[in-house]
Amino acid sequence: MTYYMYSNTQEVTPYERMMASLNGEKTDRVPVNFYPRWAALEYVGATFKQAWDDPDLYVKAQILAQERFQYDCIIDYDMMGPVEEAIGAKLKYPDNDVPQIAEPLIKTKEDMKKVKWKLDPRKDGNMPKVLYVIRRLKEELIKRGRGTQQVPIMTWGSCPSRTAACLTGFKEWFLIVARDPDWAVELMELALDGWLQMVIAAWEAGVDCVWVNDPVSARDCISRDHYEKLTQPYERKFIEAIKKETGMNVTFHPCGNWHDRLDLIYQNQADCYFLGPMDIELCTKAAVDTNAKGLSRVKALNGNVGAATKSTIDGQTPVPYGTTMKRGKPEDIEKESKVVIETVEGADLRCILGTNCWDVKGSSFANRDAMVYAARKYGQYK
Amino acid sequence: MSTIEAIRKNVYDGDENNTVELVKKALDEGKTANEILDDGLVAGLRDCGDGFEKGEKFIPEMLMSSESMKKAMEVLKPLLLEGAGQGSTGKAVLATVEGDVHDIGLELVGTMLETAGFEVRNMGPDVPTEDIVSAVKEDNPHILGLSALLSNTMDVMPDVLEALTKAQLRDSVKVMIGGAPVKQDFADEIGADGWAYDAASAVPKAKALRSELPE
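If you read the protein sequences in the order shown, they are chains A and B.
FYI, the numbering used here numbers position 28 of the first sequence as 28, with every residue one higher than the one before it.
Every number in the numbering used here is 382 more than the matching position in the second sequence, counting from 1.
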């Protein structure tokens, strides 16, 4: 069985399909979005460093891979780094991975006065490079669509707690949360603006939607109490600021196990939730419940193939990070995709099919094809 | 509450300063360094680990407990080394695999192994496979501990084992793995010698594996 098929020039384009789902609306079928950094790079045979050094290569990779795999959204560089670097952090650029912070920038409260918090993404550091890629993606998509953009572009933003943790070092961040919550608040307050400005500039450059994530506030990391009082308010503040400034649909990715605080994350007011390795039934039910209470506005759930099993729904059992996309077979992808689609659409939320974290490096082309095939097979709207 | 019990509670609570003061008090009362370590500090850290498993303690609290223990160890370590003579339980090299920046758990394991008498070289996060192999070649450790917190980085662990085999080092070292996505079945699948759920359980496992190697 081969799973490869179709072109973008169907009756409904990926752009229409994806943007409708983010708005809670139906078109022809469920879209697919697995944040295809590695799908794109592996398709053209480039390392991340090569694509970082040659932005046009990255543009080419994103365009060609989407045409090959037929998922419904492409992404810009989609990475931590440019904002943190502009603030003052030193990055290291591995050969085939996104950049990482070389060493913590902020070790004391005094260090906070020495860094640059107010940024201009059009001028500072490598942020203009990210904007260049967005403009080029837009140009290329419109050219290939003969005047119409047929595939949406998604950008990424880092929630304030994540940015703060990158700047202080993850271990120190958790100690700050424990020892000095007032300092944690101060850090998040300052960290919010840099990425907000980046997302606004990305929108001005042409992106159509945005996803944001927080990997340091899951149940794997901090208590529900710390989340509710400390970091969740800043997630919400960030999301609401993006919506106010740009009007874009926002997807929030709770990275890790958030089973015990789903009610709280849905109150972030994101339109869509890109679910980590969690139980899809539990997540769907919680979204329906908080929507019904008027506390949230969840329109779509994105994910989460390769996710948790029933045994992890108690919120306490450690969640295995499923790697079906990399280690499973196409029939595993198809089977899990069917469960996700039926569960989410069955609750009258829109399903955007994807994995439980972003596209896994080294996943087979067959597995990626299988996901798109599953969306077509099980996700047709009647 | 005895002073040792108070030490245990203060480690559990993550009260660094009080823990140090209580350790000094216990020494003044004539308690041995080993008693304070096992029944006070390690017991408190284990209680915290149990709390982590039950969802009562999280990473900030675990770190505070670990910091309490580390500060207390500054007082106890000279006395423990004096008592132990020149020998050590064994040598361990620890690393988070390439591509993974998480090292909190690794640090906890390092602390626990040191308190158990291992000489520990903690290489930290994001360590290239070739560097891990070089470290094993240089240090000739009994235990190599590998950590990964992400699903895509745990898949680097088999590469490390393969590299050790190619370098003809595999049989000289016992490889233990750990980290959130890593489970016993994964350890079995890739041919690792051991797996530990948390820092506290890493110690008996490391000791057991160490005993399988010649002196």
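To be clear, the hints were calculated from the coordinates, so they are not data collected in a lab.
One thing to keep in mind: the hints can contain errors.
[Unchecked claim] In the DSS-like style, the derived pairs of lysine-lysine whose C-alpha atoms are separated by at most 30 Å in a straight line are: (1) B:Lys436 - A:Lys171; (2) A:Lys90 - A:Lys60; (3) B:Lys548 - A:Lys326; (4) A:Lys229 - B:Lys473.
[Unchecked claim] Chain B residues, not near chain A, derived (Cβ > 12 Å throughout): (5) Gly412; (6) Asp429; (7) Lys459; (8) Lys548; (9) Pro563; (10) Glu571; (11) Lys589.
[To be verified] Examples of chain A residues toward chain B, derived with CB under 7 Å: (12) Asp97; (13) Lys229; (14) Gln269; (15) Ala366.
The beta-carbon is built from N, C-alpha and C at its ideal position, and this holds for glycine as well.
Structure-based check of each hint:
1. Note on Lys436 (chain B) and Lys171 (chain A): the hinted pairing holds, with a Cα-Cα distance of about 21 Å set against a maximum of 30 Å.
2. Simply put, Lys90 (chain A) and Lys60 (chain A) have alpha-carbon atoms about 28 Å apart, close enough for the 30 Å limit, and the pair holds.
3. For the hint linking Lys548 (chain B) to Lys326 (chain A), the alpha-carbon distance of about 25 Å falls within 30 Å, and the restraint holds.
4. Proposed proximity of Lys229 (chain A) and Lys473 (chain B) is contradicted: the alpha carbons are some 43 Å apart, above 30 Å.
5. The beta carbon of Gly412 (chain B) sits about 33 Å from the closest Cβ of chain A, which is more than 12 Å, so the claim that it is off the interface holds.
6. Every Cβ of chain A is farther than 12 Å from the Cβ of Asp429 (chain B); the closest lies at roughly 17 Å, confirming the non-interface assignment.
7. Annotated as non-interface, Lys459 (chain B) keeps its C-beta farther than 12 Å from every C-beta of chain A; the closest such distance is 21 Å.
8. No Cβ of chain A comes within 12 Å of the Cβ of Lys548 (chain B); the nearest lies about 20 Å off, and the non-interface call holds.
9. Against the 12 Å criterion, Pro563 (chain B) falls within the reach of chain A, whose nearest CB is about 4 Å from its own CB.
10. Distance check on Glu571 (chain B): its Cβ comes as close as 10 Å (rounded) to a Cβ of chain A, failing to clear the 12 Å threshold; non-interface status is violated.
11. Chain A leaves Lys589 (chain B) outside its interface by the beta-carbon criterion, the shortest separation being 24 Å against a cut-off of 12 Å.
12. The criterion of a C-beta within 7 Å of any C-beta in chain B is met by Asp97 (chain A), whose closest approach is roughly 6 Å, and the hint holds.
13. About 13 Å separates the beta-carbon of Lys229 (chain A) from the nearest beta-carbon of chain B, more than 7 Å, and the hint is not met.
14. Interface restraint check: Gln269 (chain A) against chain B, minimum CB-CB distance 25 Å, threshold 7 Å, status violated.
15. Using the Cβ-Cβ criterion of 7 Å, the hint placing Ala366 (chain A) at the interface with chain B is not satisfied: the shortest such distance is roughly 17 Å.
The earlier numbered hints that this structure contradicts are 4, 9, 10, 13, 14 and 15.
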